[in-house]
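Protein chains in written order, with our numbering: chain A, 17 to 644; chain B, 17 to 644.
Since the list gives no way to pick out one identical chain from another, each pair is judged satisfied if it fits inside one copy or across any two copies.
Okay, derived cross-link-like pairs now, DSS-like style, lysine-lysine, Cα gap no bigger than 27 Å in a straight line:
id: 1; residue 1: K59; residue 2: K557
id: 2; residue 1: K594; residue 2: K160
id: 3; residue 1: K160; residue 2: K190
id: 4; residue 1: K190; residue 2: K476
If you're looking for bench data, these hints aren't it; they were derived computationally from the structure. Note that the structure is a prediction, hence the values are computed from the model and not measured.
In case you want the letters, here they are:
There are 2 protein chains.
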Amino acid sequence: MLRWSIATVSMGGTLEAKLAAVARAGFRAVEIFENDLTFFSGKPRDVRARAEDLGLEIIGLQPMRDFEGMPEPLRSRNFDRAERKFDLMEELGTRFLGMCSSTSEDAAPDVERAAADLADLADRAAQRGFRLGYEALAWGRYVKDWMQAYELVCLADRPNLGVVLDSFHICVNKNPLAPLADIPASRIGLVQLSDAPGILMDPMSLSRHHRCFPGQGDHPVAEFLDAVMKTGYNGPVSLEAFNDQFRGAPAAQIARDGMRALQIAGETLDRTRVEQGLPALHIGADLPSASRIRGIEFVEFASASSGPDSFVDLLQGLGFVRVARHRSKDVDLYRQNGLNIVVNREQEGFAYSFQLLHGTSMCALGLRFDNPEAALERANALGAPTYFGRIGPGEALIPAVAGIENSLIYFMGERDGPRSNWDRDFVFETQEANGLLTTFDHFSNVLRRSEFLSWMTFYKSVLGLVNDPQVEVADPYGAFYSRVIRSPDGSVRIPLNIADGGSTAVSRFIDAFGGSGVQHIALETGDLFTFVEQAVARGVKFLDIPDNYYDDLSSRFDIEPALLARMRALDILYDRNKTGEFFQIYTATFENRFFFEVVERRGYDLFGAANTPVRLAAQVAEQERAGM
Amino acid sequence: MLRWSIATVSMGGTLEAKLAAVARAGFRAVEIFENDLTFFSGKPRDVRARAEDLGLEIIGLQPMRDFEGMPEPLRSRNFDRAERKFDLMEELGTRFLGMCSSTSEDAAPDVERAAADLADLADRAAQRGFRLGYEALAWGRYVKDWMQAYELVCLADRPNLGVVLDSFHICVNKNPLAPLADIPASRIGLVQLSDAPGILMDPMSLSRHHRCFPGQGDHPVAEFLDAVMKTGYNGPVSLEAFNDQFRGAPAAQIARDGMRALQIAGETLDRTRVEQGLPALHIGADLPSASRIRGIEFVEFASASSGPDSFVDLLQGLGFVRVARHRSKDVDLYRQNGLNIVVNREQEGFAYSFQLLHGTSMCALGLRFDNPEAALERANALGAPTYFGRIGPGEALIPAVAGIENSLIYFMGERDGPRSNWDRDFVFETQEANGLLTTFDHFSNVLRRSEFLSWMTFYKSVLGLVNDPQVEVADPYGAFYSRVIRSPDGSVRIPLNIADGGSTAVSRFIDAFGGSGVQHIALETGDLFTFVEQAVARGVKFLDIPDNYYDDLSSRFDIEPALLARMRALDILYDRNKTGEFFQIYTATFENRFFFEVVERRGYDLFGAANTPVRLAAQVAEQERAGM
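From just these sequences and the hints, can you work out the full model?
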């Protein structure tokens, strides 16, 4: 039966904790990596009992290394070694042993001999009812490639010996994937899945430290799975990711991420198959189908700030108008054209707690979906439970799921739909809220490196967003990485900025904010220059940009002197690419944590990353002036 | 004049702070990276004034990118851009502009045209008294290699245009180095130095994130410098290291490390030249010559522990005998054969402070040198000032330099020499201190990743140690890196273990210890089995090793069953390689931080890294049992 599995090596901690996490994430099958047993203080039969209690099938033990093609006396010793692994398998209650191609300098480059060794071992395994799988390591001494491993399996020709198809080794070798579909299913021992970032690194280092789950990297895992499933293979499909970050994270989180990654991989596979006229395979439970994001209904800020220079002063300076107050709570609605910002200054409840932890900060996001009920059902099926929140008392509860640092993401319908009456308990003072800002352009999430892949999988699976390639950004005190996640319609765009410790600005935000969070919101306008002039007149302070930036700009681009002078006077930054021009400005940082960006796009569809270093340096200077 | 320089891009922080750090480290010359100016809030002439105040010559501005071979109108714009850089140079007071080969898709693959562009720009530069240097980036669009850059420079044939020889691009391309010696010095614009780890990674990523200082990586920098200096080049030699860790560290530390790295590079260069019958060049001040380390005189522990299970109980359990007490202080001398361990339980002074910060810990190391005065003079010349300590009052002061976390490294002479009478104020109770332990085998230093290169340069320059290649070690919660540093005679060996954040055992040591430190000391014996039996009888608790380890061991090695059973009974670990066998055991962890290892070497010269994962897993289990 086709089923999802995960190898214990993909997680950190003790073997007992790994098994519990795997079961809780919804897996029914697990591969045991032998080191986990070696370090386990109990007996292998204790592992078997624990797995049975948890409803987990142990689908295999791995790996047997450096077996084939060895000279005597190493060859005989290898058979003895295998017998001891068979004993261990008996105790574990598993029937499958994973082997990988030899990396030993003692191995002979003799195909016939290697195949004979595999055949002999398969015969011994058969006597005990065991099956063997043989996998090509990309850095194997002679067998580096699935075709070579498959050739040995065919030469050995034993019914209980199959090739292990591991997506990592096949994709890292850039093997064509379509030929995999021609392998007879009976010759496949096991299918293993992982992804990896598209960086140039020797395959062994990449494999040992940077493997990740499908959809978290750049390998064509979907295409691999599609090809392999055309063979009619009907056994376990097992995640195997060696990753230092995974091993440093809680096993429960990694197991859940793995299951989410597999669920969307299975969904993609079945969609592709149906498009090709093939039957869906339904590996694991089917997901409720995705609902499209249609836009942002509102953004909610928790704030304790009041008086002059308060957060609402900043909002008003940016042209937002307080259009309504909540009937009974200290909750106001600010609006500008179609943009709603709720400011919650209640002294109890969710927003209050959030603000205690993080200061003035974005604590919730209301997203409009085509079908919010279906979107929520899907989120639940992906292991994201429903929380209910309400903007004010007496309101209908709005369902939400937890986003970064337990901020809330509300699932709402189209305006005027049943779940979109969140503002009915507001007393409107005006409906006039025009201004120059028209769109929420993007929200930057600042994340710890150890959380990045986890949230990427969350956004891609639970919210159905898609990702751009990763870029790196220089920082006055180091460097950080950034990857943009966006909804297919482009209405929600989230650059994920990844802090790698040290004293980069991104890391310092995490320290100041007390964790991950939204560091800034970018708003779009059709006329940035007029907007800035009005905002300055209303008292908004923008980030000081050094004069030298404009001198440098003038040497990089041909810009009208008058325009350049205006940018210099207003502290507006500039970028240009083949599609168009981009103007952007940043407010001074609020509470040393949060800022707004305002952008004007003239056909430009990126985020001005070229200006991030100057923005960061200016923010460092701002902090130093403030004596931070 | 030949002189050392450093590029501002090698450090983090503001430009003002970088210049101050560079001057303090003893540099008299600096290269300005243009981004530092762009982010600087003052005027370029303020930078000039600051540099002059600090006695720093600004040897150049860099880089001018994407200049040569561009079509119109980009070509004309590039000349305008260059004129603006010339204006900037005028304000900065520098005469040299560094250019790098174009990476632009718009550039034409036309050698004549590129050379003509360089010639034209050199002519314009000449009018203002400027010189140009042209450097091949390894990822340049057409010019990727110093030979191509040199060809363009020869074709352009202008007296104020030279090739920039950057060791990184040349070494990363694996160019032969000897041909560099044939370049006429007049064609060399600038020499730049950096090192890089020998990892397989695309050259641009390696360059942007992992460059380091000479001797910190694996590039043949000494050979490069030797070849280049044979040209008769007589200008600045400038460090240029792009490194996230450097930019995250204090600029003063990085500038000092850079100067140390250059000082030993210059020393190596001159030694090589003298061996070749060439005159020494004396770039920078000459270092006093190195003195050889002859061994370890004593190790000092600071401890507040007393009563049963105290640290001295552990020492006595390991066979150390209290041979002497200090005349007036709470300081005891424990001895076993030639091994001296001083235990300092004073309630004031250096050891007391150290113990407050770190708990029971090794606070000092007494090293014997051939010529301790010369060794100290050299340390001072390398920016490591002398501290004076004394083991007890009335003692001669013993000079020391600061090691990790300000532990002390005493510089002592041969036994019975003038600086080795540190024990004369001890009242000896016995001279009988025999036992099975014979040697300090090694000391493990646990370091934050951001400190690793800095301490490597310290050990190599100040103490004259040499390094082994880097290895990686799996950890139950991640992975860490390790590199062994040793004295040329092998008497001092220090594995540097590098924590990369997260929850690895190495990182947790840093948290528990309150910083970097010596996590364990390994002692050697000729008979580990008898030693362990005696120690157990004296009450020493050793780390529990899981039974499964021995099952696994028996499948990996052919070991006599009786020997295996004895190892299993005593918790002794085992390794074997082509040179011999290795037995090792760890004590239970003291105060959740420190432990001893005892090893028996039968022709084996490594450190049993294959057993480190099982040791770490066993220590995690030990912590969990203790409820940590």
